[in-house]
Amino acid sequence: MDGIELEILWSNLISIVSEQAKALQRIAFSPIVREAGDLASALFDEKGRMVAQATTGTPGHINSLAAAGLTLAARFANRLVEGDVLITNDPWISAGHFFDITVFSPIFMDARIIGYMGSTIHHTDIGGYGIGAGARDVHEEGLWIPPCKLYEAGVANTLLHDIVRTNVRTPDHVFGDLAAQVSSGRTGGERLVAFCRRNKLADIAELSEQVISRSEAATRKSISLLPAGTWHGESRFDVPGGTIITLKAAVTVDPEKGDITIDFAGSSGASAAGINVVMNYTHAYSTFAIRSCLNPDLPNNFGSLAPIHVVAPEGSIVNAAYPSPLNARHVVGMFVPMPILKALHQIIPDRVLAEGSGAVWTVQIQGRRTDGTPYTSSMFNYSGGMGARANKPGPSAVCYPTGVAAVPIEILEAAMPIVFDRRELREGSGGRGRMRGGEGQVIGFHMRTDQPWLLNAVPSRLDEGPEGIGGGEAGAAGRFLVNGRNVSEGRKLTMQPNDRVVFETPGGGGYGKET
Amino acid sequence: MQPTWSIAVDIGGTFTDVVLRHSDGTLFVDKTLTTHEDLLEGFFRGVHLALGRAGIKPTDLNGSVVHATTIVTNALIERKGSTTALLVTEGFRDVLSIRNEHRYEMFDPQIEFAEPLIPRALTFGIHERTLADASIETSVDPEEIRRLAAVLIEKGVVSVAVCLLNSYRNSTNERAVAAALKAAAPALHVTLSSDVAPQIREYPRASTTAINAYTVPITAPYLDGLARRLTAEGVANRPLIMLSSGGVIGAVVASRNPVRMIESGPAAGALAASWYAELLGLDRLMSFDMGGTTAKACLIENRRPLVTGSFEVDRVWRFTEGSGMPLTIPSVDMIEIGAGGGSIASQDNLGLLKVGPRSAGSNPGPACYGRGGQNPTVTDADLLLGLLDAENFLGGDMQLDLPAAQATMDRLGRELGTDRDTTARGIYRIVAETMAAAARTHATDRGVDYRGLPLLAFGGAGPVHACAVGELLQSAQVIFPPQASVLSAFGTLVTPVRLDLVRSAVGRLEALNWNDVDSVFNAMIAEGHAALDEAGINRSDVTLEFGADLRYFGQQNEVTIEFADPRPARDWRRIGGVFEAAYHAQYGVNPSHVPVEIVSWRLTARGRDVSVAGAALAEPVEAPIRSRYIAVWETDTPVYQRSALTPGLGIPGPAIIEERETTIVIPPAWHAISEANGCIIATPKEA
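Protein sequences, first through last, are from chains A and B. Positions in the first sequence are counted from 1; adding 2 to them yields my numbering. Positions in the second sequence are counted from 1; adding 791 to them yields my numbering.
Where hints are given, some of them may not hold.
[To be verified] Sample of chain A residues at the chain B side, in silico, Cβ under 8 Å: (1) G5; (2) K24; (3) E48; (4) R293; (5) S294; (6) L296; (7) P376; (8) S398; (9) Y402.
These aren't lab readings, by the way, just hints derived from the structure by calculation. Virtual Cβ for every residue (Gly too), placed ideally from N, Cα, C.
Here chain A stands alone, though its shape is the one from the complex (with noise of 0.2 Å):
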């Protein structure tokens, strides 16, 4: 296949995954999946390897996908017929916490499978502790749907139905998302099939070993410009509650094989509040690392994947063991590509970036209107600043690795009695350096209310601030201010209805000396 048939037929493949990205994010219910486009949606080939991907969504789910697709290729071979379609929510399958679905349908042409499309959403709700990291193992977070069948052979599997319907909180909201992920596997096969039909082509096992093959040759080929040996990155920060949490990487280059392998061996333990991560999320952090720094214009596939190696402790925080809660789990995952990129500060300086604010600060609110009738908030963030790039600033309030949204202050306003006091960026609070760190922001809130309120607040870096890189400084720490005083807390506080509070995001660490 030559330069230009392959563009042809590479680029129709993942104008089939981007149109069904699309078609989900449209008739999405759940906030985070229409507001941030939190979701993945892949296409497969028979072997379960991921050959094409929509450009949406988080590296946690987009990666995590690409392993779930292997997993479930392998366990139902030889045991699939035209009409089903898999399912599974099982963490360490998929992307590391029950609220995101899986969804996995073979492609038949020609009583064959010639691949899979796959998808994975951020679902309303699963049951269980709801938001949040408190709930004391896996079983306490919500339902878990190993993978099966929510179709057999077209037919819809009455029994999970039903047993997802009497589990979840939200069942018209999951319903309704779910059967957007069913109709858009349905719909990609069906483009796939009539693709290879207008190319006369009986599968897509060749074009699929070209994508691959090609894709990882070139990822082979920029990681042997690298010098050999390895490099050590830390990053510490702090979670709520307090407790600080190391993550260490050594990151080693073999250039004559084309590898790259990550170990996070001297990273913290387990932690008893639901923040592990499970080592599908770790490995999708870590790759993007890898990635956004090396060949960010690479489409992301099995081959452009396959020659980084991510490795970590049984047990540790980066790959939590059952029954270890795991809720939040991005409030460490977002942290994971910090040390790789201490490392990689040693041998390509120039695409790296300083740490920056990491994880989003996520809150919830409940109460009472002073008329009586109860409201909670869906989840919302706010990001402190990017760190600062070689040759450029930081961005200010804009989060890396992640990077979503905010949901506007109208909109807050017009759904709860929240009243904002003040939201606007925290000028010095970027750390200096030849490029200054992007800076964070000071959101003030108060409720109009008679009644106590629920504030279900996850901020993080409260003790120490981004650290700078190359000589750049540090960001300042982030601050979480009740009526002035400084609050460290990982739970839901009870608030009083005059009560103000305070969230100073932290700022970006800066890139080199300031002359």
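Use these hints to put chain B onto chain A, whose structure you have.
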């Protein structure tokens, strides 16, 4: 009826297009270079040329004078606006810098964002507060505004944007600010967010308001000068201005709302497409406008272009969505694809042939322009494949440099390990794939099944590539209208006077407060009538169309519906019924147990439709049918002159049909017919 002459002028980045139309459908067109120093110079030169062709004087222009212009977009991209200040609620000064916090490109940590239009040093917090329930917690202190006005004057500010929290619900505080500013500094231009974009979401509303304030000092004198010169030339009617929503409106209303004029030229192209849908009796089609740097596509449904509530200008990072400034005003919903005649072909690091989004533009342009362009482009490929004629480009006015195109294509071919023809054929196919893929995603995002949709092709490169794109989209037909190179200007002439208004109204449908509904619609109706009065439309000719955006509670995407005036019946179930039916038509299911939420009300005030009398066809001229080798399908192919085609003539593919500004390509699997209405329509042979 008295015969009337109407004229349209569309000022684009390179050319100023003029279309003069007689009420019997006769058209006279002209194209002249855009005069960037003084746009009106090119405007009137083009007008005089067209009038000269028809042999009439300016005083004979007794119909409408319609204008579309890029002046606002240019001012934004070049940051040529005046010194502008932003006034916001105290505590929220960084609304333009914080944006929506979205890192719009996941993998690339080097991305950049558009610089805020108004810097922090010119952003001022005001002690005031309106709450989400529309109550005023803190009123504006006029004394504070008076003191601020002095500061603004001292800083050389000429225009002020005011965007206060929750002003979409209650504009009292914004109006108080405006009144105090006007009293203290009467010369200041003042734009209120509650006037230009009264919709929930503070960042896009502030961005829209800032853009309006930034450009209003430019457009006001420009449109004023236009009106005065037209009067001086003896033109009877006041000019009408094309809006991005696809309506046209009087110059006075337009000059207060420059933000509504952005992208008005492309919007006019979509309007022309819907006029052809009407003429041809097609309910739906997709317009496909391919020019030098980009291609634009727009869906026409029920013979009208789809309209969106928001878009972006000045995308600073590789045209990526999220890297520009958002606008929340009604706009024709178009997708712009980085694929045009000047798009550069190259080999990427995976060994794949890529086309665009980098473009050689018009200077130096494609290698075959002979102006020093070193990179092979789509136009070079078209030339080498035989689709374009080196001797006959722009009617022979521009000689193309074939050897230059060959040399650059040979070089790319060597990189790819193949020959010149294979490379050029690859470019021809890949550019079609790129456009088809973008069109598919755009349609799916809007819940539209693109398969079978007819394409309407225009722009310099559109007719060359339309059938190739149509094959990939399974289009039932591809339509090549006459005067394709000035279709946008033509579109403005066949558009009724129209203003589209939107107001936020978040709430459950079954819990509507009908007194609020009355006052929202009454305000919009008054605004619509005032604007149409100014455009010279009789009240008896004004039609009001009522609509709303609704969704199921918990969803993000709204469905826009239309219905009869809801105020007399006051029955939310009627609106709900229309919504449920429209939702079902789009998605095939109704989650009927979920409550319905209303997001905004819409009102369109429009004048009478313009008749669809087609252009009278010129008599076919005598021209020989030549033949040339076309490397796409590797065979000698007949070459027709469009001006020589007789109505009803069937042209089996493969065939080439040349006109002055473009070339129509009919591949072997297609069959074309020259219609009596002037269109050429190609259909797949097997269909």
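We went through each hint and held it up to the structure:
1. G5: Check passed: Cβ of G5 (chain A) comes within 5 Å of chain B, closer than 8 Å.
2. K24: 4 Å, holds
3. E48: 23 Å, violated
4. R293: 6 Å, holds
5. S294: 5 Å, holds
6. L296: 10 Å, violated
7. P376: 16 Å, violated
8. S398: 6 Å, holds
9. Y402: 6 Å, holds
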